[in-house]
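Peer 1: If you want the building blocks of each chain, they are given just below.
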Amino acid sequence: MSFADHLPVLAVLLPGFTAILLLLLGDGEARRVWTRRIALASVLLGAVFAYRLIEHAATGELSVYRLGEWPAPFGIVLVVDRLSALMLALTSAIAVPVLLYATGGWDTHGRYFHALFQFQLMGLNGAFLTGDLFNLFVFFEVLLIASYVLMTHGLGRERLRFGTQYVVLNLAASALFLIGIALVYGMTGTLNLADLALRVPMVQAPDAALLQVGGLLLLVVFCFKAALVPLSMWLPGTYAAASAPVAALFAIMTKVGVYAIWRIHGMIFGAEAGVSAFTAQPFLLPIALITSVVGVLGALAAHSLPRLIAWLTVASVGTICAAIGLFSVDAWSAAMYYLVNSTLVIAGLFLLSELVSTQRGAMGDRLEPCSPVAQPVLLGLMLLLAAASNAGLPPMPGFIGKLMLLQAANDHPWAVAVWAVVLVVGFFTLVGLARAGSILFWSVRPDMPAGSRSGSSPALLLATVSLLFMSVLLSVLAAPVQRYTAAAALQMTDRDAYARAVLGEQGGPAADTTRPYRIPQDPNAGATR
Amino acid sequence: MMMISMEALVATGIGFVIACGIYLLLRGRTFPVVLGLTMLGYGVNVFIFTMGRLWTGAPPILTAGPDVADPLPQALVLTAIVIGFATTGFVIELALRSSHDNDSDQVDARHDQPSAQIAQVAPSSSSSNPPR
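Going down the list, the sequences are from chains U and P.
Heads up: the first sequence at position 471 corresponds to 471 in the working numbering, and the numbers run straight through without jumps.
Heads up: the second sequence at position 27 corresponds to 27 in the working numbering, and the numbers run straight through without jumps.
Hints are not guaranteed to be accurate.
[To be verified] Pairwise CB distance ranges (calculated):
| id | chain 1 | residue 1 | chain 2 | residue 2 | range |
| --- | --- | --- | --- | --- | --- |
| 1 | P | 71 | U | 59 | 35 to 43 Å |
| 2 | P | 86 | U | 45 | 27 to 35 Å |
| 3 | U | 368 | P | 32 | 24 to 32 Å |
| 4 | U | 496 | P | 71 | 27 to 35 Å |
| 5 | P | 63 | U | 70 | 49 to 57 Å |
| 6 | U | 55 | P | 31 | 50 to 58 Å |
[Claimed, not checked] Pulled from the structure, derived: some chain U residues nowhere near chain P, Cβ distances all over 10 Å:
| id | residue |
| --- | --- |
| 7 | 16 |
| 8 | 23 |
| 9 | 45 |
| 10 | 56 |
| 11 | 145 |
| 12 | 168 |
| 13 | 385 |
| 14 | 469 |
| 15 | 487 |
[As the list claims (entries may be wrong)] Example chain P residues on the side facing chain U (calculated, C-beta under 10 Å, incomplete):
| id | residue |
| --- | --- |
| 16 | 12 |
| 17 | 30 |
| 18 | 33 |
| 19 | 36 |
| 20 | 47 |
| 21 | 49 |
| 22 | 72 |
| 23 | 76 |
| 24 | 86 |
| 25 | 91 |
| 26 | 102 |
| 27 | 107 |
FYI, nobody ran anything at the bench for these hints, they're computed from the structure.
The beta-carbon is built from N, C-alpha and C at its ideal position, and this holds for glycine as well.
Using the sequences and the hints, build the whole thing.
Peer 2: This is the structure we're talking about:
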């Protein structure tokens, strides 16, 4: 095997080994320069890996990495299709600027920031690449455990308060995740995603009912991770309490839930799944639309800038999941395009919010009149750019994404609802951000001492600008990106090609005879006394 | 004499443990909540275990005989136990730290008695300490 064949596993191992190295190196003041260099070098190398993977995935060929050369349904596989590669590239695109920002000072506010950051990346990359449902759980846990510590990075009352709730809620969700996995395994006898794609259509009533219960339990868990109403209540407080670079990194974390919904309910429980086809359809679209509306209402009511952005995260996740809930290739393509843009913009906004609040002096991030910021033109333009992109004003990519979504929803029975919600949410997003912007930059009180620019070094500004620049780039390169997302969406609907690539000759129905547990023909066949 | 099947017995047991877990999880203080999470974890682990079906006298490896037990759920349970153990340790530590810093044992860091003065003296504004 050549080096390129090992890229999928390297994308997971690189942050893992970097984290271990950073732990061994220690966290002292003397070694800080080196820990920063190693961490930055590692994320840059990770970006190169992600670029190579997306380049290969763009050809349409699925790369399958079988760990230890065990054939697919028995061993563990990593699968890179277009969507996985896109998510991996997005993770890198967020990680590099955010880490650069964190090296500007946040990493000194607590211990082992860089090691935890790398563990979080390992969990994210693993979750996007894995081809196994139980491994998805394991990588979820890896990224969650890292996020528990990152969330409380810098300590303080608010962070510990929201951190405790965040951890407890996530542990409860993990228990549900395991029950869902166990039910799916109990009904199909496999956890390999490709094998599931073949076996879920084969399950007949009455077993299919239990299988669907398992699938819907997984939907509850993923909706919790993605922060869909009514399971979104944890997000605004948590993200607002976390330090700026951590909140920016968490912008991709909700998208792991979105990705999992896509993979499990879009593909495996999607079209052509026999009795269990479209298990999530009656729930996903209404929930997602309500989430969008609730998110934007929260944004209008927010009293601080980070909370406003956190609520906008909820609103954007709602829009993405509404597009997934339409279950059509065009809508999925729109969802991918919109997902990439909204993640970049929201990460940029979280970083920007701290730049603004450190320059404002007494009021900090609260949305109340205060002394003017030291760099009103630069920061104001950045906020304007991000607001236009998030609300969906032309020619920003947010507009293109929403336009694709509206076009895709045209023939759907819910078209009126989708159009109304997307447009109204876009309008109120703009209102919310315009309100914030006018308070922050125009509603100044000259009687208060002027803000200093001590909080914004060139590195911090560069990190924030580069996130917003990537969003602009997404608009400039709209045509090739759209071609990629359209092909990725089409690939997601082809379960047979996925199964063929992963299982090869040995898998699928041929593997049935060597399997210790078979799908029982008789409902009572599993019973014994 | 009526025989209760093993499935019914195990299912009832899992249901009872999970019900206890959920009850404790809904308490306000962190210690019962942690206990609830642990109970929930136990219930879930046994549940995963039973998804390989309950067999008696069946070997966990492939043989010529008709009955073979499924070893995979046992491997899954091991992983789930390890992860559950680690996270429980972490949540206890976090709860201790939170109760120390926030002066409250409640999960949402609210004060039990109406001692609103404490909250007024020190408004929580630690969320925005600037870098450097």
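Peer 1: Now tell me, hint by hint, if it's right for this structure.
Peer 2: Okay, the hints, checked on the actual structure:
1. Between residue 71(P) and residue 59(U) the C-beta distance comes to about 39 Å, which sits within the given range of 35 to 43 Å.
2. The beta-carbon spacing between residue 86(P) and residue 45(U), approximately 28 Å, falls within the hinted interval of 27 to 35 Å.
3. Take residue 368(U) and residue 32(P): their Cβ atoms lie about 39 Å apart, and the range 24 to 32 Å is violated.
4. Distance hint check: the CB atoms of residue 496(U) and residue 71(P) are about 30 Å apart, consistent with the given range 27 to 35 Å.
5. For the pair residue 63(P) and residue 70(U), the beta carbons lie near 21 Å from each other, so the given range of 49 to 57 Å is not met.
6. Taken as a hint, the range 50 to 58 Å holds for the pair residue 55(U) and residue 31(P), whose Cβ atoms sit roughly 52 Å apart.
7. Here residue 16(U) stays apart from chain P, with its beta-carbon at least about 16 Å from theirs, past the 10 Å limit.
8. With a cut of 10 Å on Cβ distances, residue 23(U) stays outside the contact zone with chain P, its closest approach being about 15 Å.
9. Even its closest Cβ contact with chain P, about 25 Å, leaves residue 45(U) beyond 10 Å, as expected for a residue assigned away from the interface.
10. The beta carbon of residue 56(U) sits about 31 Å from the closest Cβ of chain P, which is more than 10 Å, so the claim that it is off the interface holds.
11. Listed as outside the interface, residue 145(U) is inconsistent with that label: its C-beta sits roughly 7 Å from the nearest C-beta of chain P, within the 10 Å cut-off.
12. The claim that residue 168(U) is not at the interface with chain P is violated, since a C-beta of that chain comes within 10 Å of its own (minimum 6 Å).
13. For residue 385(U), the condition that its CB be more than 10 Å from all CB atoms of chain P holds, with the nearest at approximately 23 Å.
14. Every Cβ of chain P is farther than 10 Å from the Cβ of residue 469(U); the closest lies at roughly 21 Å, confirming the non-interface assignment.
15. With a minimum CB-CB distance of about 35 Å to chain P, residue 487(U) clears the 10 Å threshold, and the non-interface call stands.
16. At about 16 Å, the closest approach between the beta carbon of residue 12(P) and any beta carbon in chain U exceeds 10 Å, and the interface hint on this residue is violated.
17. Satisfaction of the interface hint for residue 30(P) is found here, the shortest Cβ-Cβ separation to chain U being roughly 7 Å, below the 10 Å cut-off.
18. For residue 33(P), the interface hint holds, since its Cβ comes within 10 Å of a Cβ in chain U; the closest pair sits about 6 Å apart.
19. For residue 36(P), the shortest C-beta to C-beta distance to chain U is roughly 9 Å, which falls under 10 Å, so the interface hint holds.
20. Taking 10 Å as the C-beta cut-off, the interface hint given for residue 47(P) holds, the closest approach to chain U being about 6 Å.
21. With a cut of 10 Å, the hint placing residue 49(P) at the interface with chain U holds, because the nearest CB-to-CB distance is about 9 Å.
22. The interface hint given for residue 72(P) holds, since its Cβ lies 8 Å from the closest Cβ of chain U, which is under the 10 Å cut-off.
23. The criterion of a C-beta within 10 Å of any C-beta in chain U is met by residue 76(P), whose closest approach is roughly 6 Å, and the hint holds.
24. Of the supplied interface hints, the one on residue 86(P) holds, with its beta-carbon coming within about 7 Å of a beta-carbon of chain U, less than 10 Å.
25. A hinted interface residue such as residue 91(P) counts as satisfied when its beta carbon comes closer than 10 Å to some beta carbon of chain U; here the least separation is about 5 Å, so the hint holds.
26. Against a cut-off of 10 Å between C-beta atoms, the interface hint on residue 102(P) holds, since the closest Cβ of chain U lies about 5 Å away.
27. Annotation: interface hint on residue 107(P) holds; nearest CB of chain U at approximately 6 Å, less than 10 Å.
In summary, the structure is inconsistent with hints 3, 5, 11, 12, 16 from the numbered list given earlier, while agreeing with the others.
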